[in-house]
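A.B. asks: Given these sequences and hints, build the entire structure.
With the numbering used here applied, the sequence shown has no gaps in its numbers, which climb one by one up to 1547 at the end.
Please note that the accuracy of each hint is not assured.
[Unchecked claim] Result set (DSSO-like, lysine-lysine): computed pairs, CA atoms no more than 30 angstroms apart in a straight line:
| id | residue 1 | residue 2 |
| --- | --- | --- |
| 1 | K1431 | K1462 |
| 2 | K1418 | K1456 |
| 3 | K1423 | K1464 |
| 4 | K1485 | K1433 |
| 5 | K1423 | K1411 |
| 6 | K1482 | K1423 |
| 7 | K1431 | K1456 |
| 8 | K1540 | K1503 |
Note that these hints are calculated values from the structure, not bench results.
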Amino acid sequence: MFVRFTRVLLIVGLLVSISLAKKAPDFTFKSLDGKEVSLSDYKGKVVLVNFWATWCGPCIGEMPDLNKLYQAYKDKGFQILGLAVSSRPNDIPKKVKQTGVTYPILLNAEPAVAKFGGFGAIPQTFIIDQNGTIVHSVTGSRGYEDFEKMIKPLLTAAK
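C.D. replies: Right, dumping it as structure tokens:
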């Protein structure tokens, strides 16, 4: 029984890995500071795409750690894009100021949810390698160390 269960887990893990190893869809949205920002602008970098909303406590809770990660690695080939979804436009600048976020925040990003295959919860984070391939998909809030473990090998591999 244990062997059969282990095989099933291995097969499921393989299928999840295969589904993640796909090219990230490009998108373009206006940022909080009024600039047009596309995922393709960051080709050749490791990019963390974080879907969040102003009413989502776990989303807001992880933003300071994401900003800390951004500050630590932004000069080493790393970028974060925060995609605000299902949020009232007036609330977004307040939450960004409250959390101290300095990475680009993209507005009205709901169309990107479908481009990334849809998902049932936020925060939802995708980590994309230098070749534009989705290598990690994370549902729910995570901390600095968790994300660092995911991006560091990608940044090291690029050297």
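A.B. asks: Within a Cα-Cα threshold of 30 angstroms, do K1431 and K1456 meet the stated pairing?
C.D. replies: Holds - the C-alpha atoms of K1456 and K1431 are around 22 angstroms apart, at most 30 angstroms.
A.B. asks: With a cut-off of 30 angstroms on the C-alpha distance, tell me whether K1423 and K1464 pass.
C.D. replies: 23 angstroms, holds
A.B. asks: Would the pair K1418 and K1456 pass a check requiring their Cα atoms to be no farther apart than 30 angstroms?
C.D. replies: 23 angstroms, holds
A.B. asks: So if I understand the rule, the pair passes when the alpha-carbon distance is 30 angstroms or less; does K1423 with K1411 pass?
C.D. replies: Measuring from Cα to Cα gives roughly 24 angstroms; hence the hint holds.
A.B. asks: Would the pair K1485 and K1433 pass a check requiring their Cα atoms to be no farther apart than 30 angstroms?
C.D. replies: 26 angstroms, holds
A.B. asks: Does the alpha-carbon distance linking K1540 and K1503 stay inside the 30 angstroms limit?
C.D. replies: This hinted pair holds, its Cα atoms lying about 26 angstroms apart.
A.B. asks: For the pair supplied as a hint, K1482 and K1423, confirm whether the alpha-carbon distance does not exceed 30 angstroms.
C.D. replies: 19 angstroms, holds
A.B. asks: With the threshold set at 30 angstroms, check whether the alpha-carbon distance from K1431 to K1462 stays at or below it.
C.D. replies: 14 angstroms, holds
Checked against the numbered hints above, the structure violates none of them.
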